[in-house]
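Letter by letter, the chains look like this.
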Amino acid sequence: MRLTLQVWRQPGPASAGEFVRYDAPDITEHMSFLEMLDVVNDRLIREGKEPIAFDHDCREGICGACGMMINGVAHGPSKGTATCQLHMRSFSDGDEIWIEPWRATAFPVVRDLVVNRSALDRIIASGGFISAPTGAAQDGNAIPIAKQDADESMDAAACIGCGACVAACPNGSASLFTGAKITHLGLLPQGQPERYRRALKMVAQMDLEHFGSCTLFGECQEACPKDISIDVISRMNRDFLVAAVKEREERSVAGAG
Amino acid sequence: MELKSKIPAGPLADKWDNHRFDMKLVNPANKRKFTVIMVGSGLAGGSAAATMSELGYNVKCFCYQDSPRRAHSIAAQGGINAAKNYKNDGDSVRRLFYDTIKGGDFRAREGNVYRLAQISRNIIDQCVAQGVPFAREYGGLLDNRSFGGAQVSRTFYARGQTGQQLLLGAYQALEKEIAKGGVTMYPRTEMLDLVIVDGQARGIVVRDHVSGRIEAHLADAVILGTGGYGNVFYLSTNAQGSNGSAIWKAYRRGAAFANPCFTQIHPTCIPVAGDYQSKLTLMSESLRNDGRVWVPKKSGDERAPEAIPEEERDYYLERKYPSFGNLSPRDIASRAAKEVCDEGRGVGPGGRGVFLDFGAAIKRLGKEKIAERYGNLFEMYDRITDEDPYETPMRIYPAVHYTMGGLWVDYNLMSTIPGLHVIGEANFSDHGANRLGASALMQGLADGYFVVPLTIGDYLAQAKLPPVDENTPEVREAVAVASGRVKRLLGVNGTRTVASFHRELGKIMWEFCGMARNAEGLKEALVRIPALREQFWRDVRVPGSGDDFNQNLDQAGRVADFMELAELMCLDALHREESCGGHFRTEHETPDGEALRDDEHFAYVAAWEYKGDGKAPVLNKEQLQYENVKLATRSYK
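Residue numbers (numbering that gives the first Met the number 0), protein chains in the order written: chain A, 0 to 256; chain B, 0 to 636.
Hints should not be assumed to be uniformly reliable.
Said to hold, decoys possible - Straight-line Cα separation of at most 30 Å, DSSO-like style, residue types lysine-lysine; simulated pairs:
no.	chain 1	residue 1	chain 2	residue 2
1	A	Lys146	B	Lys83
2	B	Lys86	B	Lys368
3	B	Lys506	A	Lys48
4	B	Lys319	B	Lys296
5	A	Lys146	B	Lys86
6	A	Lys78	B	Lys368
Hints are computed from structural coordinates only; laboratory data are not their basis.
Just so we're clear, the structure is a prediction, and the values are computed from it rather than from any experiment.
Just need the whole structure built from these sequences, with the hints factored in.
Right under this line is the structure:
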């Protein structure tokens with residue numbers, strides 16, 4: 000099939016960007032979206048032009064590196080599918096496809112379709128963990144966990160950290176991402192001691208990183224390649240609210256001998 | 000070069016315990032005076048960086064991805080083995096040890112593998128404590144499933160995303176330590192060279208992918224956890240960025256490279272669809288429980304599978320291996336698929352594929368039952384190929400999946416360069432000539448959480464470490480070499496893309512150093528690879544500059560290294576005049592097509608030593624000592 004691409008080109012974070020039109024005359028429907036871009040890039044290089052930069056790695060939908068707005072939709076038209084798993088049979092001969100990077104204040108453009116998502120790492124660093132130093136663990140079967148809790152925890156833990164939820168949100172909120180981690184850990188008994196502190200810290204970090212507020216549009220769950228439900232946001236809000244009431248000021252009295 | 004494996008004396012079961020007592024310790028106040036560089040942030044690197052920081056060391060951790068959470072460990076599907084014996088089915092540390100040694104076709108060290116089996120139990124505990132949502136039974140206890148190469152049920156899993164969940168556990172621990180200041184993280188930063196001062200590993204040279212800046216980072220010790228080199232074949236199940244450059248640079252600086260030819264080829268992947276193809280996707284081996292593998296009896300038969308009558312089909316696995324049938328082991332199933340395709344009986348585009356047919360199973364069990372067992376895999380297959388496996392047979396073909404070879408390490412996981420430790424898939428240590436399913440995750444986490452954080456202390460407590468800085472001559476030299484190479488790559492300005500060279504190299508490797516190898520083909524590859532490498536440096540085109548984000552430049556450096564590594568793999572494959580595990584030499588097979596091992600001459604680790612460009616590398620041998628298991632022939636008939 001023959002396609003026309005309108006691709007966002009931007010040399011660096013400080014420079015201005017623009018859409019550039021490319022003809023893609025030799026695309027087959029079995030290609031993945033990224034393989035289609037490979038073909039376009041191959042020709043650009045042979046013509047002595049700069050190839051289009053885009054993040055990608057595993058190309059099987061699990062690493063979360065890839066992601067772009069395709070005709071205004073995060074990860075494109077196929078629901079529950081990351082860009083690398085999107086195939087060209089979702090498009091038709093003669094289509095014009097608009098390709099842009101994730102757009103969010105918290106995700107500055109690095110180059111072309113590549114953005115800086117390190118803000119998501121800092122949200123995890125602020126509290127998205129269970130403090131369990133290596134070696135201190137008891138036997139894995141010592142705490143039984145109801146299957147339903149384990150399964151729901153796993154549903155939330157499936158997040159690949161791609162940032163599509165942020166890009167899809169009109170407010171640029173990272174609530175689906177943050178809520179997914181709070182839900183994953185908060186549903187497990189191991190996650191209880193730090194549960195409320197975690198919610199406070201992670202939400203505060205999210206604000207610090209200039210993500211917008213959540214107004215429950217629900218665009219995030221539509222864009223999520225792992226079909227994570229906005230239920231995780233309710234859980235985050237509940238934990239945050241409880242935490243605001245429950246959390247005591249920290250005093251380092253105990254153990255001071 | 001002397002290879003001292005440093006396996007502790009004493010009974011197998013006490014070796015690790017004795018060694019932990021014998022190792023020198025660094026006291027807590029002194030730990031913060033040491034800095035350790037960790038290259039790679041996967042299961043091995045991420046867990047090691049987090050654990051060393053918890054112990055009090057300063058850690059600098061590097062990864063080429065934009066976040067440590069994206070390391071390729073994330074893509075592992077099946078599970079992780081541990082000798083917990085929760086099923087009361089007779090499992091034990093000793094059984095996991097034996098299964099792993101046997102699965103590796105008796106080419107791994109007893110001492111290392113036994114330690115791995117012991118630690119496997121701590122790994123599960125550790126991961127549960129971190130909140131890894133392993134699959135559970137209704138009673139709330141951990142669930143297990145069975146995996147290849149074992150007769151007990153010892154594989155722990157989190158749906159089909161076990162690698163993801165284990166990696167996120169390590170990543171979260173890592174982020175926790177980053178927030179505390181114990182680890183400094185350098186994402187989008189790739190190692191270009193190793194810095195050695197006075198014979199000790201003291202740092203690395205890196206390129207910052209965003210700024211293009213090339214600089215040295217210095218430390219008291221360096222650990223590589225940079226994964227495998229399966230991408231030397233271009234098409235593999237590895238991530239696009241997975242590369243062998245860090246271990247290759249270490250090899251060029253004096254670290255011995257062990258068993259480079261040992262690669263694992265997984266039989267059930269979605270076949271290549273066209274020249275544009277960038278990667279191969281694995282389909283879980285479990286599908287062969289209910290699927291029947293076949294090709295047409297006639298070569299060149301292009302009828303749709305449904306139109307080929309039963310008597311014109313060749314269920315070749317069932318025919319050749321009546322007792323194991325469709326469940327014959329990975330290496331055998333892979334080679335058998337290649338054979339029928341070589342005969343011109345392969346199916347699908349290019350004739351490189353065989354059918355995996357669920358027709359009979361659907362008739363027997365009903366579509367619903369099959370959907371319950373394999374629904375998500377069928378969906379993934381459909382998404383990629385646009386074919387519905389409920390209606391028409393799947394097409395599968397083997398693909399490169401894992402490399403058992405890697406840098407040689409001793410029991411402390413230290414390479415032949417003092418201060419350079421190597422963990423996870425990047426080393427050669429535990430899988431011999433073939434890795435069992437669900438054992439890669441186990442080894443990565445054993446090395447990272449439980450072995451290297453201790454052995455690094457033993458090294459640091461005893462090493463004499465004179466001060467180094469960016470003006471130390473060795474540091475300046477390494478930075479100059481790395482910068483010079485980047486300039487050279489950009490300066491060729493030829494006509495062919497990096498990808499086209501990589502693809503061509505992959506074809507040579509796949510044809511001559513793939514599933515079945517022979518002396519004639521390997522010699523041919525050893526002529527073609529240097530010629531291609533010469534052409535690469537004469538005709539490659541790397542667009543852009545070295546001063547900013549340039550993905551083609553990064554890839555060009557990796558491919559240039561693969562061009563050299565490929566040659567060593569072929570050399571190793573040529574020298575090993577036997578068949579064992581994933582290394583199958585057609586000259587060495589039993590009359591019924593099994594691998595024919597030669598324990599008398601080849602029960603050793605082949606550790607290759609770099610002697611300079613244009614000079615033949617030197618082969619060093621570490622004889623494998625088997626004191627607890629008896630060498631036996633694997634049989635699947």
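Going through the hints against the structure:
1. Lys146(A) - Lys83(B): Distance of about 20 Å is within 30 Å: holds.
2. Lys86(B) - Lys368(B): 25 Å, holds
3. Lys506(B) - Lys48(A): Holds: Lys506(B) and Lys48(A) sit about 27 Å apart, inside 30 Å.
4. Lys319(B) - Lys296(B): 14 Å, holds
5. Lys146(A) - Lys86(B): 18 Å, holds
6. Lys78(A) - Lys368(B): Cα-Cα ~26 Å, so holds.
Comparing the model with each earlier hint shows no violations; every hint is respected.
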